[in-house]
Structure formats: structure tokens, C-alpha cells
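Given the sequences, and given the hints that come with them, work out the whole structure.
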Amino acid sequence: MNPVLYALLCLIIPAVWGFFSYWLFSKIDAARSRKAKQNQDDQSPPIDYEI
Amino acid sequence: MFPTLDVGGVHVSLFAAAALGAGVGIVAGLFGVGGGFLLVPALHVVLRVPLPLAVGASVCQMIGTAFSTFLRQRKQGQAEIRFDVLMLGGAMVGTEAGARTLSWLDHGLRWGKSSVPLTKPVLYVCYSILLIFVAMSLIRAKPRVADVLDQAHPGPMARWKVGPLIDLPRSGLKQVPALVIAYVGLGLGFLSGLLGIGGGVALMPVMIYGFGFPIRYAAGTGVMVLIVGSATATLSHVLRGNVNLGLAMSLLLCSSLFAQLGARLSSRLPPRIMRKLFAFLLLSTVGVLVYDIWNQAQHHRTQATEQPSKASAGK
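So the sequence lines, in the order shown, correspond to chains A and B.
Numbers given in my numbering equal positions in the first sequence, counted from 1, plus 581.
Numbers given in my numbering equal positions in the second sequence, counted from 1, plus 256.
In case anyone wonders, no lab produced these hints; they're calculated from the structure.
There may be inaccurate statements among the hints.
Said to hold, decoys possible - If you want the footprint, here are the derived chain B segments under chain A, 3+ residues with CB under 8 Å:
#, stretch
1, 313 to 321
2, 341 to 349
3, 499 to 506
As the list claims (entries may be wrong) - Straight-line distance between alpha carbons at most 30 Å, and here's what the computed DSBU-like set of lysine-lysine pairs gives:
#, chain 1, residue 1, chain 2, residue 2
4, A, Lys-608, B, Lys-331
5, B, Lys-331, B, Lys-417
6, A, Lys-618, A, Lys-608
7, B, Lys-417, B, Lys-430
8, B, Lys-532, B, Lys-417
9, A, Lys-618, B, Lys-430
10, A, Lys-616, B, Lys-331
These numbers were taken from a predicted model, which means no experiment stands behind them.
Where is the CB? At the ideal position from N, CA and C, for every residue including glycine.
Here it is as C-alpha cells:
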């Protein structure tokens with residue numbers, strides 16, 4: 582392979598993976614926090630009150 | 257069964273490389289480090305990858321880790337940009353110097369007609385010194401300083417008033433010597449080019465105990481240098497034929513995926529235990545390096561004793 586092209590690939594491919602992994606894990610984190618918030622909202626309020 | 261990679265004449269199983277990447281990723285996520293300090297010795301000791309190629313693979317995969325870390329840190333905005341910029345120039349020069357030194361060491365020291373390879377002893381000594389230094393600073397750190405510190409307390413390197421001075425407004429440090437920061441970048445780049453490490457393992461103690469950075473800002477600073485340094489180091493090593501992209505990518509893919517698992521585990525352990533565990537891991541790595549050297553010395557001794565006996569049997 583052309584050495585210049587190989588050098589470019591060595592620089593670009595890991596960077597692209599870095600960007601992709603950042604995007605993927607931010608999506609996963611966002612979905613997880615959304616789910617946690619939804620679970621919190623879904624909890625029914627107490628129905629037995631005592632004064 | 258599994259495809260193999262030809263790395264400098266050594267056949268490395270892709271599965272073994274991926275497993276190694278996964279292990280390093282878990283450790284990196286668990287302790288919040290890049291894992292380069294662990295990757296190069298592991299590649300050499302476990303998979304028998306020649307050291308210059310192990311360093312090349314480490315710096316190449318580091319580009320991906322650095323890039324995703326940079327994007328994450330940019331969102332949080334806890335970086336001292338001036339410190340990064342001051343380190344950049346020195347880091348680039350240092351990286352090239354480190355890669356050249358590694359290349360020179362690989363050619364060996366000429367002694368008459370034979371040449372003595374220097375890469376392994378020099379790199380092992382550098383690794384051992386670095387790892388012991390970091391482990392000791394972790395063991396000796398007071399819990400208050402290591403876990404709670406959130407304000408700047410100018411350290412000995414920040415108090416050294418030499419050359420042009422600069423304020424670091426985000427971290428709250430004033431009149432810090434710019435020259436010292438540039439030389440820190442040079443040293444960091446040199447370590448990156450020579451040992452294939454990101455330098456976080458060395459930079460963090462320097463920033464926290466040397467300059468007195470608040471931990472919050474120390475964690476975010478240095479990422480820009482990591483990107484530029486790893487890219488420069490990769491270029492330097494590609495030009496010397498030390499980078500195997502397949503090996504680097506298999507390590508990167510698995511380490512970045514398994515780092516998430518490590519990060520999840522880390523939230524379940526108290527910081528004091530984490531610090532001790534990390535110090536133990538660093539010292540264990542030194543132990544593995546010492547064992548490898550001892551093992552090789554034994555091998556050479558056995559060969560040296562076998563050769564004269566074979567020669568006398570031949571007569």
C-alpha cells in the first residue's frame with residue numbers, strides 16, 4: 582500500500598472510531614437517564630395519608 | 257481457527273489481541289486512565305510483539321481514545337486551555353525525539369562486530385521508574401488531598417518564578433512559569449514517543465502535586481496534547497514501519513467497548529480502595545517486567561551453557 586495513504590489511514594480510522602464510540606455511548610447514556618427518569622415519574626404517589 | 261496478524265514477523269491471534277484490548281479497557285475504565293502504560297508491556301510480554309511495534313500500536317489506538325475523551329471533556333468544559341496550548345509545541349518536539357530515541361535504541365549499541373539491543377532494558381527501566389513513582393505518589397497521598405481537593409493550591413512548580421509568567425484563570429492559578437509548562441509538554445511528548453503512553457499517568461501527579469491544580473481541572477486538561485501527541489507519535493512510528501493498523505484497531509475496538517464496563521464497576525468501589533488497587537496494579541506491572549527480564553536472562557544462560565557442550569560433543 583502507498584505509505585502516505587497508510588499513514589493517513591492510521592490517523593483517520595482510529596479518530597473515526599473515537600468519534601463513533603463517543604456518539605454511541607452518549608446515546609446509550611441519554612437513553613439510560615431517560616429511562617431512569619421515566620421510572621421515577623411512573624412511581625405512584627402514596628395513597629395512605631395520616632394526619 | 258481465529259485469523260492472525262503478522263506483526264513484525266510474529267503471528268498474533270486476532271482473538272488474543274482483542275482479549276488483551278478488552279482487559280486493558282476494563283482497567284482503563286475502572287481507574288480512569290488511558291491504559292497505554294499497561295498495553296505496551298502486555299503486548300510484548302504476553303503476545304511477544306516486538307517493543308517498537310507494541311509502542312506503534314499503542315500510540316495509534318490512542319488517537320481514538322484521545323478523540324472520544326476530547327469530545328467528552330469539551331462538553332464538560334473543565335479544561336485549562338492555556339496550559340494545553342503551552343504544552344503543545346514541546347509535546348510535538350518531544351514525541352519526535354522519543355520516536356527517534358526508540359529507533360536508535362532498536363539498532364542497538366555496536367560492540368565490535370556484534371550489537372547489543374538496548375530497547376528492552378531501557379524501556380523496562382523507564383517503565384519501572386515511572387510506574388513506581390506513580391504508585392508511590394498514590395500510596396503516600398493523603399485522602400483529603402486526593403479525594404476532596406477542589407481548589408487551587410500553588411505547588412512547587414507553580415511557585416518557581418522563572419521566565420515569562422502566565423495566569424491560568426479557570427483553575428485559579430496565578431503567575432505560573434510558562435517555560436516550565438512547555439518543558440512538561442516536552443517531557444510528556446518524549447514519554448509518548450518512546451514508551452507509547454498517553455502520559456496521563458505521569459501528567460496527573462505533575463499537575464496536581466507539582467502545579468497544584470484542582471482535581472476537576474487536572475482531569476480535563478492535557479487532552480488536546482494527547483490528541484496532537486498521539487497523532488504526531490503515530491506519524492513518526494508509521495514512517496519507521498512500526499504501526500500495524502489491524503493490531504491497533506482490534507485493541508482500540510475492544511478497549512473502548514470494555515472501558516464502559518470498567519467505568520460502571522468503578523462507581524461501586526470507594527476512592528481509597530480504588531487508589532490502593534491502582535497502586536497494586538502498577539507495582540504488579542513492574543513485577544511482570546522484572547520477571548520477564550529474569551526469564552530472558554535464564555534463557556540466555558541456558559543457551560550459553562548448552563553451546564560449549566554441543567561444540568565439544570561435535571568434536
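Evaluated hints:
Taking a C-beta to C-beta cut-off of 8 Å, the stretch 313 to 321 of chain B contributes 6 residues in contact with chain A, enough for the three needed, and the coverage statement holds. With a cut-off of 8 Å between beta carbons, the stretch 341 to 349 of chain B has 0 residues touching chain A; three or more are needed, and the interface restraint is violated. Restraint check on the stretch 499 to 506 of chain B versus chain A: 4 residues with Cβ-Cβ distances below 8 Å, three needed, restraint holds. A C-alpha spacing of about 14 Å is found between Lys-608 (chain A) and Lys-331 (chain B), which places the hinted pair at or below 30 Å, so the restraint holds.
As the CA atoms of Lys-331 (chain B) and Lys-417 (chain B) are separated by approximately 33 Å, the hinted pair breaks the 30 Å bound. Only pairs whose Cα atoms come within 30 Å are accepted, and Lys-618 (chain A) paired with Lys-608 (chain A) is accepted, the gap being roughly 15 Å. Distance check on the hinted pair: Lys-417 (chain B) and Lys-430 (chain B) sit about 11 Å apart at the alpha-carbon level, within 30 Å; holds. Proposed proximity of Lys-532 (chain B) and Lys-417 (chain B) is contradicted: the alpha carbons are some 35 Å apart, above 30 Å.
With a C-alpha separation of about 42 Å, the suggested pair Lys-618 (chain A) and Lys-430 (chain B) falls outside the 30 Å cut-off, and the hint is violated. With a C-alpha separation of about 22 Å, the suggested pairing of Lys-616 (chain A) with Lys-331 (chain B) holds against the 30 Å cut-off.
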